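J.: Please model the entire structure based on the sequences and the hints provided.
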Amino acid sequence: MSLLNVKDLKVHFPIRGGFFRSVVDQVRAVDGVSFELEPGETYGLVGESGCGKTTTGRAIIGLNKVTGGEVLFNGENLATMNAHERKKHMRDIQMIFQDPYSSLNGRKNVLNIIAEPLRNFERLSPKEELSRVQNMIERVGLNPESIYKYPHQFSGGQRQRIGIARALMLNPKLIIADEPVSALDVSVQAQVLNFMQEIQKDFGLTYLFISHDLGVIKHICDRIGIMYKGRFVEEGTAEDVYMDPQHLYTKRLISAIPEMDPAKKFEKMEMRKEINAAYRTEYDSYFDKDGRMFDLKPISPTHSVAIQQGGM
Amino acid sequence: MVKFIIRRVLIMIPQLFLLSLIIFVLAKQMPGDAVTGAFMGNPNVSDEQMEKIREEYGLNDPWYVQYGHWIGKAVKGDLGSSYTHKQPVTSLLAGRVTTTVTLGLFILIVSYIIAIPLGIIAGRWTDTWADKLIVLYNYFSFATPLFVFALLMLYFFGFVLGWFPTGNSVDVRLDAGSWEYYVSKFKHLVLPGMSGAILATFGTIQYLRNDIIDTKLKDFVKTARAKGVPEGKVYTRHILRNSLLPIAAFLGYEITGLIAGSIFLEMIFSYPGLGQLFIQSITGRDFTVTTAIVMISGAAVIVGTMLSDIILSIIDPRIRIE
Amino acid sequence: MAESVLEIENLRTSFNIKGNYYAAVDGVSLTVHKNEVVAIVGESGCGKSALALSIMGLHNAKTTKLEGQANLKGQNLIGLPVDKLNKIRGKDLGMIFQDPMTALNPLATIGRQIEEPMDYHMKLSKAAKRIRVMELLEQVGIKDVNRIYKQYPHELSGGMRQRVVIAIALACNPVMLIADEPTTALDVTIQAQIMDLMKELQRITDSGIILITHDLGVVAEMADRVAVMYAGEFVEIADVQSLFDNPLHPYTRSLLNSIPSNMSDKEKLHVIEGIVPSIQNLDREGCRFAPRIPWISAEAHEKNPKLHEVEPGHYVRCTCYKDFHFPEERVEDEHYVTT
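Chains as they are written, first to last, in the working numbering: chain E, 1 to 312; chain S, 1 to 322; chain V, 1 to 339.
Derived from the structure by calculation, the hints contain no laboratory data.
Being a predicted model, the structure only gives us computed values, none of them experimental.
Some hints here could point you the wrong way.
Stated by the list, open to error - Below, simulated DSBU-like cross-link-like pairs (lysine-lysine); rule was C-alpha separation at most 30 Å, straight line:
#1 Lys222/S to Lys199/V
#2 Lys132/S to Lys62/V
#3 Lys268/V to Lys264/E
#4 Lys129/V to Lys91/V
#5 Lys216/S to Lys123/V
T.: In structure tokens, the structure reads:
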């Protein structure tokens, strides 16, 4: 059984307008998204700003209200649970945020930051708590004495480790990482990515990795879902998506990754031009008359694309 | 845009209704009524007679009946008549409103004339001696209570130096409408007006200084400099436009502060405006007058807020969109 | 080689921190030629943005000390009084900023903002300015020029705004453009569009460009030459092909190995040991990268590391590149040492 099964997830926000500020329309931030996470895998949600990837992550953990669909975690539907029932499951799902500075409370020291989830879920003596925190802080590669320091005394990479340590405290099964390395320099990013891979093995974690950075996603993810305007465009293994993109939007996204070989820079530019031209000629085969993506359709056991049923 | 203004104006109707209701109910809760205020302690009027007068004036009706009467007349411009002044509240207030509004406008304009240049100087040339002096003045105007400052002004300029009259809003011996009459009005206005204005600069200076310091560091100011815009123009064309905008918008809200301030000023300078009348009406239990003044002040605040919103929507393109 | 437009010589930018001046840009020299894109690449805090702002004269004069030269068409910009600098900024020297969401004045129309540099540098009638704005907007790939002219920044998307920022920089036909992370704040597909646009524009405008970036992908796509910056110094300068084919300085090599898309899947990324030194506690005597490659022996480094021309046009600072290897590769393969 899959660990997380998201079925036709919808998150809509009302738009108010007109004379009496009544609801005139909906922003379909997430509009019918389905995917599954197998235990131990890393699933990447990738797309540009406003595509709904972050809203999807937040809806799974309950930070955004689910308008429709199901979020099955270990077979139980989180979307219909009330806050009390949900709390039992919440210790198994933790989130890591983008900005390691603003996501840590600057007035609390590391001990209090990391112990916070423990205090929410378990009754421990101060001594037990301290030893659990110290173990964890060593585990994430920080000096055990640093638990009495405050977030501003750490570098960006170290702060992100603190954020990860906090997420790991309750031995979660699933970690939703929302742009965890986007605010970091490349060398620090490398450090955090390596570290995330390490702890994945050690703790048996499953990752939902949300990012706009196609390079990072390709590096760390087993399977990838590409989002655009609240819908899935394409889903498959890293190989499927990067080597054999099918949807026009995916092609556009992949071709936008800067070319690391200077000799090929004009080649890449030509390729983008061709794809832009294709947007004008082949648009109808990829988007319906409202400019909406079609439903995903499998084209191989691992690879699905949003194309017209029977089309292509 | 037009739609926004219409909606903003329409929102005022329930606001005003609610305001009138609250004021009316609160006023009813106050101990005593007009009859007690007028005859209490008067040995010639017995309790039975007072009760009879109450009955006559409808003071024993349920509150909502009384409210209905009051609001029905109010919309026609009839706010009842004052028990102590023995004249219709509307005509009693008319002169007072003009006096208070004149004082308020004087304070508003003079305080802007002082505050805007000072705020700009302090914000542009931060950490110079000029900035330090301005900040010092600003602390002074923030920390000094109006009634203390006004009394000192009155004592010094009114009594010691004798430059300005110390009471009333005009020399009553002069003919209304003559040149001397207006000069006299102005002379009476200066002392209370300046006392209010000098202290009222606080918010504007503080706000403007901080906002300019913030705006100076904004990226679009770097863009302007990178275009080769001369330093003076960087301020007039880019920084000040952005920093003055909220000040223009706050114009409406300033009315609230002025109403509160006018009570002190009018009492101290025996300036016959609304504030003075307000205090008199409370001590005299002149219920109709109190209610009318609170209603007018409340309405002024609501209208001021609306003005602010409309001004902001006109000058800021980001709010202008539908 | 084409004629040079900008010659930076021994430029040093120091910031006042608690009474002492510390150099964030520490003796940098670079020449930019006509129609050439020179990328300056490095991580945050390396001094690349400070360098850009020094050339533009945009640092706070009270807290910054500038030394050295930046000669634009023979005139030294460093230490030039603001009124003289204002005759050059926006005219011969244009700048493209990082974040298009904040680089435009929210209260002025797009048309006015593009016209503004012309007010000071060109004698044009109102109508002529308007025509020039339309021309510029078309040049940066904006279609509906009449509508955009009257619009305000908040009505435009990020990509459109960045095009406007570029149009402003190009308004008076500058000979030199400084682009500070021009695509960093943008989405990938928009980034690609802006990169392609800048490449097109460079072909037609002939101006020299300094491109400040942290993204080696952007460097590979846009630059003709690259200067890698670390702790206020250039550690390697080379033409773009040589830099990617044959990176020599340990920092350049480490950086390239830490980029995910450069590595095959799931392979461990290279992590540079330690942290970037702050400008206050930086050892300015020896090799500044030495503390981050402690497994390389001290003898490998120079006393006062200089840039060595290893191949024509390919400069590397310090001698340690000769002995450098990654910790996981052992020194037994001798050929590695000599590269």
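J.: Compare the structure with each hint and give your call.
T.: Evaluated hints:
1. Lys222/S to Lys199/V: 25 Å, holds
2. Lys132/S to Lys62/V: Within the cut-off at roughly 18 Å; holds.
3. Lys268/V to Lys264/E: 26 Å, holds
4. Lys129/V to Lys91/V: Holds, at roughly 15 Å.
5. Lys216/S to Lys123/V: At roughly 29 Å apart (the allowed maximum being 30 Å), Lys123/V and Lys216/S satisfy the hint.
In summary, the structure agrees with every hint in the numbered list given earlier.
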